[in-house]
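Peer 1: Chains as they are written, first to last, in the numbering used here: chain A, 2 to 358; chain B, 2 to 358.
No wet-lab data here; the hints were simulated from the structure. All values reported here derive from a predicted model rather than from experimental measurement. Take the hints with a grain of salt, since some may be wrong.
Any copy will do: because identical chains look the same in the list, a pair fits if it lies in one copy or spans two.
Claimed, not checked - List of simulated lysine to aspartate or glutamate pairs, DMTMM-like, C-alpha gap at most 20 Å: (1) LYS287 / ASP29; (2) LYS212 / GLU249; (3) LYS224 / ASP302; (4) LYS22 / ASP207; (5) LYS311 / GLU340; (6) LYS356 / ASP46; (7) LYS134 / ASP29; (8) LYS311 / ASP222; (9) LYS356 / ASP228; (10) LYS106 / ASP228; (11) LYS53 / GLU132; (12) LYS106 / ASP230; (13) LYS113 / ASP222; (14) LYS109 / ASP352; (15) LYS22 / ASP163; (16) LYS183 / GLU340; (17) LYS212 / GLU253; (18) LYS224 / GLU308; (19) LYS224 / ASP129; (20) LYS109 / ASP228; (21) LYS314 / ASP222; (22) LYS270 / ASP222; (23) LYS53 / GLU308; (24) LYS311 / ASP46; (25) LYS311 / GLU105; (26) LYS301 / ASP66.
There are 2 protein chains.
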Amino acid sequence: MARVYNFSAGPAMLPQAVIEKAQAEMLDWHGTGMSIMEVSHRGADYMSVASKAEADLRALMAIPDNYKVLFLQGGASLQFAMTPLNLAQAGDTVDYFNTGVWSEKAIKEASKFCHVNVVATNTSAVPDRSEWKLSSNAKYVHYTPNETIGGLEFQDIPDVGDKVLVADMSSTILSRPIDVSKFGLIYAGAQKNIGPAGLTIVIIRDDLMGKARSGTPTMLDYKVAADNDSMYNTPATYAWYMAGLVFEWLKETGGLSAMAAVNQRKADKLYAAIDGSNGFYANPVKLSDRSWMNVPFTLKDSALDAEFLKASKAAGLTSLKGHKIVGGMRASIYNAMPEAGVDALIAFMADFARKHG
Amino acid sequence: MARVYNFSAGPAMLPQAVIEKAQAEMLDWHGTGMSIMEVSHRGADYMSVASKAEADLRALMAIPDNYKVLFLQGGASLQFAMTPLNLAQAGDTVDYFNTGVWSEKAIKEASKFCHVNVVATNTSAVPDRSEWKLSSNAKYVHYTPNETIGGLEFQDIPDVGDKVLVADMSSTILSRPIDVSKFGLIYAGAQKNIGPAGLTIVIIRDDLMGKARSGTPTMLDYKVAADNDSMYNTPATYAWYMAGLVFEWLKETGGLSAMAAVNQRKADKLYAAIDGSNGFYANPVKLSDRSWMNVPFTLKDSALDAEFLKASKAAGLTSLKGHKIVGGMRASIYNAMPEAGVDALIAFMADFARKHG
Chain A
2 MARVYNFSAG PAMLPQAVIE KAQAEMLDWH GTGMSIMEVS HRGADYMSVA
52 SKAEADLRAL MAIPDNYKVL FLQGGASLQF AMTPLNLAQA GDTVDYFNTG
102 VWSEKAIKEA SKFCHVNVVA TNTSAVPDRS EWKLSSNAKY VHYTPNETIG
152 GLEFQDIPDV GDKVLVADMS STILSRPIDV SKFGLIYAGA QKNIGPAGLT
202 IVIIRDDLMG KARSGTPTML DYKVAADNDS MYNTPATYAW YMAGLVFEWL
252 KETGGLSAMA AVNQRKADKL YAAIDGSNGF YANPVKLSDR SWMNVPFTLK
302 DSALDAEFLK ASKAAGLTSL KGHKIVGGMR ASIYNAMPEA GVDALIAFMA
352 DFARKHG
Chain B
2 MARVYNFSAG PAMLPQAVIE KAQAEMLDWH GTGMSIMEVS HRGADYMSVA
52 SKAEADLRAL MAIPDNYKVL FLQGGASLQF AMTPLNLAQA GDTVDYFNTG
102 VWSEKAIKEA SKFCHVNVVA TNTSAVPDRS EWKLSSNAKY VHYTPNETIG
152 GLEFQDIPDV GDKVLVADMS STILSRPIDV SKFGLIYAGA QKNIGPAGLT
202 IVIIRDDLMG KARSGTPTML DYKVAADNDS MYNTPATYAW YMAGLVFEWL
252 KETGGLSAMA AVNQRKADKL YAAIDGSNGF YANPVKLSDR SWMNVPFTLK
302 DSALDAEFLK ASKAAGLTSL KGHKIVGGMR ASIYNAMPEA GVDALIAFMA
352 DFARKHG
């Protein structure tokens, strides 16, 4: 079968060139007679892969020298605990924006370890500055720049003054340039814009490490990971390697500014198709706050959902089923989704609406 | 270059047939037009991979129905914390055998969470029953059946009466049949006998879950993982898939009894070569307690180490350098190492000794 356009929210489509390269060197990496999956993480071969991946990510995101880049495991869900364990003591207050399902999960986990103050709650629009209730003494302010399920995205970095800003960037990292220096801590599960599942990228400002609370498991202490170059124990070596291939691909395709232009164009045309469908399709998010990466939409008649999914799959457009919490459809259009894939989806949607409208 | 015999301690050699199959279906898994790396862990395609891997592992190890099998992340080092967090409360006493570097790491981490009683310490022989100092009130007894660095292996399961037995089986799991019912908890990093790094297998008796101490991060609670079929959040899907291919390969090659026979033969002949070298090579471990999987050995003259490593690599025998803590050489001969690889190593060692003896 030909490769399909896969709109999965994660694990998600990877760039075709990356998968092909991984396949080509699967049995014999760079003439070593071994798969990169089989070599010691402490050997010179693997170390070159690991350090090049980090250097490429630093170049792509223009990460300042006073930030460490960590290649960890456990996904954003483990970061939900690591953040308060490392950046706050029991009883401290921490501030969280609540803009959807992933914000809520982060809040629930942090509440086990600190006093959580919710700054503002809104799942269909970025909360207006006038509604924010920031704490004077918060150890940090956490937000979810892009809500993968709700499809809400902050187009600008919230200004929290001199507070430490923490972001779960799982579904938006690498979609556009960002100013890393505005953040204290950035984390992201890899399985959307970085690589295979099982890898978590953490970008943390030097001065925020070394203060983990007593009783923090060693593996959950950012300082331990940083002091050991993310090799306190064996890292997820193959996922790290794949991430490195994705970073190379991003550099070759023009970096994050070029990617942002394509991403904005892809999102704009898909939202235009939804909004121009005379109500056949709908997206509930405020226009200015819509996600570039995850486009949830409903059909006017949800009885057509099953037919939509069946027909789209037959047309080579897969994994469009929306998250069970919100229902309907969701098109995740990460970096690896070619613009032609979005065009094909738009054409399919128009045709489907014509047939069933 | 032809594939080499790779004696790395982990990440380690994978079965050739497994790597070839992974390569063949990298771009298009079972006619889906997607890599298995790119599909949602919640979709029917991936669920079939995940559940088949678990079923095959259960069959291979004859895991009783009252045990859960979990596919986690973080390696054995994270299990060093998860074990006491889940099986004991602060102040409780737990018993640990100390038979080498990995035992020590487990003890150090557990000491952050409980009172650790060391049952016995010996790094060159399994401690004799008469030397054990078991606590009357220990919540569990932990041991490391195979010490990857020292090359010491328990050939029998220690009898700890009605106490809960916990084992870090990272470097011995699947090397032979074991009686799972003797254990409360078994854990193993995947990167030796299971698959790629970034996956951790946990086998836990039902009644031991649901008692994690207050303040345990959600991602570190076995009950949460079990209740969500190891998909509380996105698991390491590709590593899980690769593990499934390894389990299939093990079944096809005759299961663990067949594997044990080959493993014992491989180890026996390599130790015989070391012991029969007139002192040119040496292994410090008591004969009856030598590891089947990790064979450390020293050269009579350590000034020859560099030449040995250079010449062995040139002969297609790679990653023989010993761990920095013990020096010398180490041949890790896991399931995926063909007997022909061990034969080639033995021939090389004899030739090297002749030239430099």
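Peer 1: Now look at each hint and say whether the structure bears it out.
Peer 2: Here is what the structure says about each hint:
no. : hint            : in the structure
1   : LYS287 / ASP29  : neither (50 Å within a copy, 38 Å between copies)
2   : LYS212 / GLU249 : neither (34 Å within a copy, 45 Å between copies)
3   : LYS224 / ASP302 : neither (52 Å within a copy, 40 Å between copies)
4   : LYS22 / ASP207  : neither (35 Å within a copy, 43 Å between copies)
5   : LYS311 / GLU340 : neither (22 Å within a copy, 50 Å between copies)
6   : LYS356 / ASP46  : neither (56 Å within a copy, 30 Å between copies)
7   : LYS134 / ASP29  : neither (56 Å within a copy, 50 Å between copies)
8   : LYS311 / ASP222 : neither (46 Å within a copy, 38 Å between copies)
9   : LYS356 / ASP228 : neither (60 Å within a copy, 43 Å between copies)
10  : LYS106 / ASP228 : between (29 Å within a copy, 17 Å between copies)
11  : LYS53 / GLU132  : neither (43 Å within a copy, 50 Å between copies)
12  : LYS106 / ASP230 : between (29 Å within a copy, 19 Å between copies)
13  : LYS113 / ASP222 : both (17 Å within a copy, 13 Å between copies)
14  : LYS109 / ASP352 : neither (43 Å within a copy, 64 Å between copies)
15  : LYS22 / ASP163  : neither (44 Å within a copy, 53 Å between copies)
16  : LYS183 / GLU340 : neither (31 Å within a copy, 56 Å between copies)
17  : LYS212 / GLU253 : neither (39 Å within a copy, 51 Å between copies)
18  : LYS224 / GLU308 : neither (51 Å within a copy, 38 Å between copies)
19  : LYS224 / ASP129 : neither (35 Å within a copy, 40 Å between copies)
20  : LYS109 / ASP228 : between (30 Å within a copy, 18 Å between copies)
21  : LYS314 / ASP222 : neither (44 Å within a copy, 37 Å between copies)
22  : LYS270 / ASP222 : neither (43 Å within a copy, 44 Å between copies)
23  : LYS53 / GLU308  : neither (46 Å within a copy, 30 Å between copies)
24  : LYS311 / ASP46  : between (46 Å within a copy, 16 Å between copies)
25  : LYS311 / GLU105 : neither (32 Å within a copy, 56 Å between copies)
26  : LYS301 / ASP66  : neither (51 Å within a copy, 47 Å between copies)
Violation of the numbered hints given earlier is confined to hints 1, 2, 3, 4, 5, 6, 7, 8, 9, 11, 14, 15, 16, 17, 18, 19, 21, 22, 23, 25 and 26; the remaining hints are satisfied by the structure.
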